[in-house]
Every structure is written in C-alpha cells, then in structure tokens.
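Can you build the whole structure from these sequences, using the hints too?
The numbering of the sequence shown is our numbering, which starts it at 185 and goes up by one.
Possibly wrong hints are sitting among the right ones.
What the hints assert, rightly or not - Across the chosen pairs, the derived CB separations fall in these ranges: (1) Asp495 / Glu416: 51 to 57 Å; (2) His198 / Ser339: 16 to 22 Å; (3) Asp223 / Asp380: 44 to 50 Å; (4) Val282 / Ile230: 15 to 21 Å; (5) Ala258 / Asp459: 43 to 49 Å; (6) His455 / Pro207: 34 to 40 Å; (7) Ala498 / Ile435: 35 to 41 Å; (8) Arg370 / Val282: 21 to 27 Å; (9) Asp473 / Asp397: 53 to 59 Å; (10) Asp507 / Ser288: 30 to 36 Å; (11) Asp397 / Ala258: 44 to 50 Å.
What the hints contain is simulated information worked out from the structure, not anything from laboratory work.
All C-beta atoms, glycine included, are put in the ideal place defined by N, C-alpha and C.
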Amino acid sequence: MPSDTPSATTRARHAAVRLYDDPGPFASVYLDVTRNTEDGEHIVEIRARDAMDDLRAQGAPGTVIEPIRELLTANTHLAAPVSRMVVASERGVLLDDVIRVPISRPTTSWSGLPDLSAWLSDTDAGDFVLALVDHEGGDVAGFSPVTMQPDHQASVGEKSPWEHKIKGGAWNQLNFQRSTETVWGRNADEVVAEIDRQLRPGVEYVVVGGDQDARARVLDKLRQHERGGQVEIVELTEGSREADGSEDAIISELRQVVAARSVAHRLGAVHLLRDRLGQGHGATTGVSDTVDALIQGSVETLLLDPEALSDPDAGVQEVDPADHPGLALGAVPADRPQRAELVLLAMALLTQAEPVITRSSTMAGAPAGAVLRW
185 MPSDTPSATT
195 RARHAAVRLY
205 DDPGPFASVY
215 LDVTRNTEDG
225 EHIVEIRARD
235 AMDDLRAQGA
245 PGTVIEPIRE
255 LLTANTHLAA
265 PVSRMVVASE
275 RGVLLDDVIR
285 VPISRPTTSW
295 SGLPDLSAWL
305 SDTDAGDFVL
315 ALVDHEGGDV
325 AGFSPVTMQP
335 DHQASVGEKS
345 PWEHKIKGGA
355 WNQLNFQRST
365 ETVWGRNADE
375 VVAEIDRQLR
385 PGVEYVVVGG
395 DQDARARVLD
405 KLRQHERGGQ
415 VEIVELTEGS
425 READGSEDAI
435 ISELRQVVAA
445 RSVAHRLGAV
455 HLLRDRLGQG
465 HGATTGVSDT
475 VDALIQGSVE
485 TLLLDPEALS
495 DPDAGVQEVD
505 PADHPGLALG
515 AVPADRPQRA
525 ELVLLAMALL
535 TQAEPVITRS
545 STMAGAPAGA
555 VLRW
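As structure tokens, then:
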C-alpha cells in the first residue's frame, strides 16, 4: 500500500524553501544532461563546461563551481530526457534534483538568491496513477511526472478459467459467456479498488490505458466510484499490458498528458487572476504591489514572468528592500536590491503561496500578479 509520500510538486517546494536557510550567495544551474546519443557524454561535458564558465564570469568562486560540475557530468543512467537542477553556496551543494523533462534553455546564475523558476515550472503537473488494463486485470502504479518512474506498483485480476477450454454447444457457450463476463467484471472491480488505494495525497489525476473493451469497463466503473469525481480521469489510446514494444508509445502519450495538465494548471491560475481583477478585488498586478501583498502574507497564488523581469533589453527589474518595510528573505540578508523575479519567488515560497510561471501577455502586460487570500 502506498505511503502518504508528498507529491513531486510538494517535495520540490519543500526543498526550495530550505534553500533560504542559507545566507547565500547562490550558484543555480538547470541543465539538460541527456546522454541518448553516441556522443552524449561529450555533449554533456561541453554543456557543463559552458555553464561553469558562465558562473565563473558572474563571479562564482571555484570552490562553489567544482562540486556543481561533478554532479552535472555524472552519468544518471536514465533514458532521455534528463535534466538536473543544482544549487550550491560556499557551504556546499544545497539542492540536487534530477527530473525527466526536456528544457529549452539552461539556467545559470550566481546571485544573492537562487534562480528556481524554470525548475519549479517543470514540476507543477501533479502526480498521477496509471492503470494498464486487459480482461485479465491490470497493472496499477503511482507516477511522478518529474521522474516518469512508478513509485508504487501492483498487479490485480485473474484469467477466466473457461477461456480456450470450451468445446462447443449452445449451453456450454452460454455458460462460458456468463462465467467470463463475471470474471472480467470482477477484474475491473479489482483494478478500480487498486486505483482507489493508490489515490494518496498529491495525486491529481488517473490515466487508464490498455485493451479497449477492458478500458471502457474500468472507466465506466471508475466514474461511478465515490472517489471518481474527486480526480480527473484521462484515457490513453496507445499501449497495452503486453511487453510488445508499446512502452515507448505509452511514455510518449503520458508526456503529452503531463504537458497538457501543466498548461491547464497555468491557464486556470491566469483565468482566476483575470476574474478577480474584473471584479475589482482579490487580486493585484505589478511588482511593487505584489511584493507588498507578499509581505502581508495575503498572496494565495503568485503569477510570474521571469523573462519579462530579467530582459536585458527592457532593463532588469529589481526590488529594493528599502522601499518595502518588512520584506524578509529567510536567512538571506535583505539589505540591498535584488533581481525582482528572484525576490518574488523567494517570498512566495517562504509564505506558502503557490508560484505559477506564465507570460506577461496573459496578465495584460504585467510581469507579476497575485491572486489574494483575502
């Protein structure tokens, strides 16, 4: 039976919050470390070298850089895609997280606060339960979208004792049909029961794939189940329980499901922000007002466009603690201006607000906004 292990999103946020127990400054590197080609090792070494050169150019000392380089060039022995987030200070490596998502461009930063937005954005899809079914039952497993590896696995069901043993005759065929239907129905019930057992805190949706008829039977029972309405149910069209080479098709479709969930999550936050702004209460936009709301602890969801805030052409925006009495950043000294996107994210994490990475175009051009608790 699965434990009450927190979801990947929750684990990432808890790990992020602990970073602010260190006074900094921080070296943050988020890098693609995939080795799925013949020269993959060489490519990773080049990427790591470029990232280390960038850190060095920003002023990071060699004692901080070297442990990061060693982690980034270590072979994870995982199939593509593989990315690695490492944060370190002069006191050593503070965060090392390997996740199974592709990244469009690396993050390399030496700053007074850790640069976590891209990594946190890639961990926001929520955990799920996958059930691959046929008439003999199903394989049920809890999955984290950032590892794409099963956390908890169970196989349930039984094969019909009548299958392939009926010699003919209307009466025998009728008995066979009734017995087989009973076994198939019982197998579907067992799959649903196992899915229910896997619905630990942090699981946000259930994915069902496999044989079409068995899948339909399980989906029907799952939607009628008392907890069926508490989570989203997604149907896969590819793959089966058989070890016939369909695993790649399943993983590919699962990645599409995870990506769609992530987009839906962000759109939901954007729509709520727009609704609150339209009502004239319960939301705010703009860096200064959002910082003040975070100081008051009134932010439920922070919406943030890090690229808009750090665009060198438009001017990198900063937050000066002198303009915001009461601003606190954990153990990090709040005694000088810092990059706005790093301050906003730190404050959100430290006040248990949910960070959502989006684009300023979704917030009427504002680079930051907040849905308020009150």
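Going down the list of hints, with the structure as the test:
Restraint check, Asp495 to Glu416: a C-beta distance of roughly 35 Å breaks the suggested window 51 to 57 Å. For His198 and Ser339, the hinted distance range of 16 to 22 Å is not satisfied, since their beta carbons lie about 32 Å from each other. In this structure the hint that Asp223 and Asp380 lie 44 to 50 Å apart at CB holds, the actual value being about 47 Å. In this structure the supplied range 15 to 21 Å holds for Val282 paired with Ile230, their Cβ-Cβ distance being about 19 Å.
Separation of Ala258 from Asp459 is about 46 Å and conforms to the stated range, judged on CB atoms against 43 to 49 Å. Here the CB-CB span from His455 to Pro207 is close to 39 Å, well matched to the stated 34 to 40 Å. In this structure the supplied range 35 to 41 Å holds for Ala498 paired with Ile435, their Cβ-Cβ distance being about 39 Å. Separation of Arg370 from Val282 is about 40 Å and departs from the stated range, judged on CB atoms against 21 to 27 Å.
Between Asp473 and Asp397, the C-beta spacing of about 56 Å keeps the proposed range 53 to 59 Å intact. Between Asp507 and Ser288 the C-beta distance comes to about 33 Å, which sits within the given range of 30 to 36 Å. In this structure the hint that Asp397 and Ala258 lie 44 to 50 Å apart at CB holds, the actual value being about 46 Å.
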